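Asker: Chains as they are written, first to last, in the numbering used here: chain A, 1 to 401; chain B, 402 to 802.
To be clear, the hints were calculated from the coordinates, so they are not data collected in a lab. Model, not experiment: these values are computed from the prediction. Glycine residues also receive a C-beta, built at the ideal position from the N, C-alpha and C atoms. Mixed in with the good hints there might be a few duds.
Cβ-Cβ distance ranges computed for the label pairs, FRET-style [unchecked claim]:
#1 Q362(A) / Q670(B): 45 to 51 Å
#2 G185(A) / A497(B): 54 to 60 Å
#3 A99(A) / G737(B): 53 to 59 Å
#4 A108(A) / R701(B): 30 to 36 Å
Number of protein chains: 2
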Amino acid sequence: MLALSQGGARGAFLRRLSDSDVPAPYGDKVEALLDAAEFDRPTLVIDLDRVEAQFRALSAGLGDAHIHYAVKANPHPAVLARLASLGCRFDAASRAEIALCLEAGAPAHHVSFGNTVKKPGDIAWAHAVGVDLFAADSDEELAKIAALAPGARVFIRLLVEHSQADWPLSRKFGCAPEEAVRLMGVAREAGLRPAGLSFHVGSQTRAATMWGPTLDMVAEIWAEASEAGFTLDVLNIGGGFPAFYGDPVEGPEAYARGVIDEIRARFPQMPGYVMAEPGRGMVAEAGVIAAEVLLVSKKRPSDIARWVYLDIGKFSGLAETMDEAIRYQFETTADGAETGPCVLAGPSCDSADVLYEKRPVQLPLALKAGDRIRILCCGAYTSSYSSVGFNGFPPLDVVCI
Amino acid sequence: MLALSQGGARGAFLRRLSDSDVPAPYGDKVEALLDAAEFDRPTLVIDLDRVEAQFRALSAGLGDAHIHYAVKANPHPAVLARLASLGCRFDAASRAEIALCLEAGAPAHHVSFGNTVKKPGDIAWAHAVGVDLFAADSDEELAKIAALAPGARVFIRLLVEHSQADWPLSRKFGCAPEEAVRLMGVAREAGLRPAGLSFHVGSQTRAATMWGPTLDMVAEIWAEASEAGFTLDVLNIGGGFPAFYGDPVEGPEAYARGVIDEIRARFPQMPGYVMAEPGRGMVAEAGVIAAEVLLVSKKRPSDIARWVYLDIGKFSGLAETMDEAIRYQFETTADGAETGPCVLAGPSCDSADVLYEKRPVQLPLALKAGDRIRILCCGAYTSSYSSVGFNGFPPLDVVCI
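Please build the complete structure, drawing on both the sequences and the hints.
Answerer: Have a look at this one:
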């Protein structure tokens, strides 16, 4: 209705098709919806069949290991319901996430409570509804769990200090490795059942072989705990399963099989309950964001880089561009033309709402206000990070098909 | 109900009282509410009388200049209604923010649309309801405004490249200074009315004298525009008015008067309509967040710094801790005891949800899970930045009294 230019602004997209190395960013079903829809605000479209395919591929690679989907990556009820219907299990960060899993049809014993920093009320509620597997990395958290979920099973999260991930984690989670066996003793003393270990190699760890050094450390602690008389069965390998953001990554089945091989090489006997918590690796590639260009400008005519402002930014779904850590791929209605470097920014009156500046993005020189843009592999950590309405812009809308 | 420790956990706060240099962080009315309330989640309490006092102090210092409150800092309807009742004007970033101002009782001609990156539909809607003052910093934005708000008044935003603010802005907003007069010509050609200039010295600019170098540049462009035949009246000096976060800042009246003096020294004749857009400087000191400690731990016993995890973090209200830019002050129920360094983190399962790590915070050694904590001067840029519910944690609640 308010498009400023005729024809071109609502022109066709030149789709990035798959080749042998990289997955197709979205299928025909999504393409048809995107072409037909006139969204009035930035919208994430999730292909549930793609989520299912990813679950099946990861499952095939993981063999006997169980998937506990990391709900925080995308807690949309339709995503959880599809996964629950396939027998997928879940890892939740809070009472509200556990409730979503139960509403999606998961039995409580398929839900782990993996946050090492839990609200006391959430622990008591989880215990009351039947969740029985909790994470801890400190004395005080174990005391909370012992008081509010007496007799529960706990796994001890280990701090991973040297990650090879694209987005290494901070030191926020996990105890020092040499503390783990002592904490198992604390748990047992408090009437809890120490069940195993967990760790996280870091988000977007691009090759299975990168898991080696971390698994060396974990296997050593596991052996120490066994020698100390603990009978462990839970090996929670966390997330880190990568998604495709432009740089080649292994496919999900081969990657998952590679990780299992790395584990098998280090554990004389496979733990009874190996669990993995893919979040990004489950849903990122199943989502495309439909957005719009609001403005293209230069600060002065002699500048080489243009500024391209979108109707979505850091505070309305693209928080993972923080420090330019995750680099999204784009398709625009002007694709095919000659490109030039752009600084990409969001629509808010906030100067921190700049997406890519240090390493500009190549976009068509013909790009202009009103052009549509698609942001690929956006199924994870987008809608859940949206602000409630910073600058009066509504949160990212989500449509599942 | 679920408190783990008796007595101490719900103990008394040792309030930071005002001295001659710094404002009291909150008054007795807020103190009484905080003491009596049992919030079930992190809650921002806004003292509307404090907002009013701040408006009056800024107005006194600004003299004939008009305040357009930057709605994005805190768009709570009660804040807007109180300010509107005092005759305060508003600066809005979007259609939704304009609508909030009108609902609060502001006439449309008291609302400026200061975002230089506007959605086309928002421009048309604003024009239709009577908003007549728009920002622009580029040819394309002027074309959008000319098409959708024909005849409107526009001011040209200047890029400020050398800021002395605590939180300097990026290059996101504003044209190069030498482009401004050309853009005024473009506006006039397109049937718009070029009304003046705007700029922003950067958020949290702590002394009025720091405005000097920027005002030198602005006065020069203003003179050039006059020589080129433009009759300007709007000088929009933006925000930058500071709040107290621990380091001394000038009081609002003296600061505002100082800024006006800096303008007067550079403009032979004061512009007809000087407008300021305080956001942080209007509401930050009127807000206190009531939160809770979820966990205190060490990664290993020999560590000096503890990790303190709160039930509020980067994704639920404290986004301005990004890069540790804004350093909040804290009060806890354990205050008065010996302190030690802490890394402060939020409750989410996200390793980026760490508030202060590079420069740790001093907190009581006696602090433990269940203790209450108050975060001071949190009225600006907290509730509006909250995520919709990352990790299942609800957005920051807001109570205005």
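Asker: All the hints need checking, so say for each whether the structure fits it.
Answerer: Here is what the structure says about each hint:
no. : hint                          : in the structure
1   : Q362(A) / Q670(B): 45 to 51 Å : holds, 48 Å
2   : G185(A) / A497(B): 54 to 60 Å : holds, 55 Å
3   : A99(A) / G737(B): 53 to 59 Å  : violated, 39 Å
4   : A108(A) / R701(B): 30 to 36 Å : holds, 34 Å
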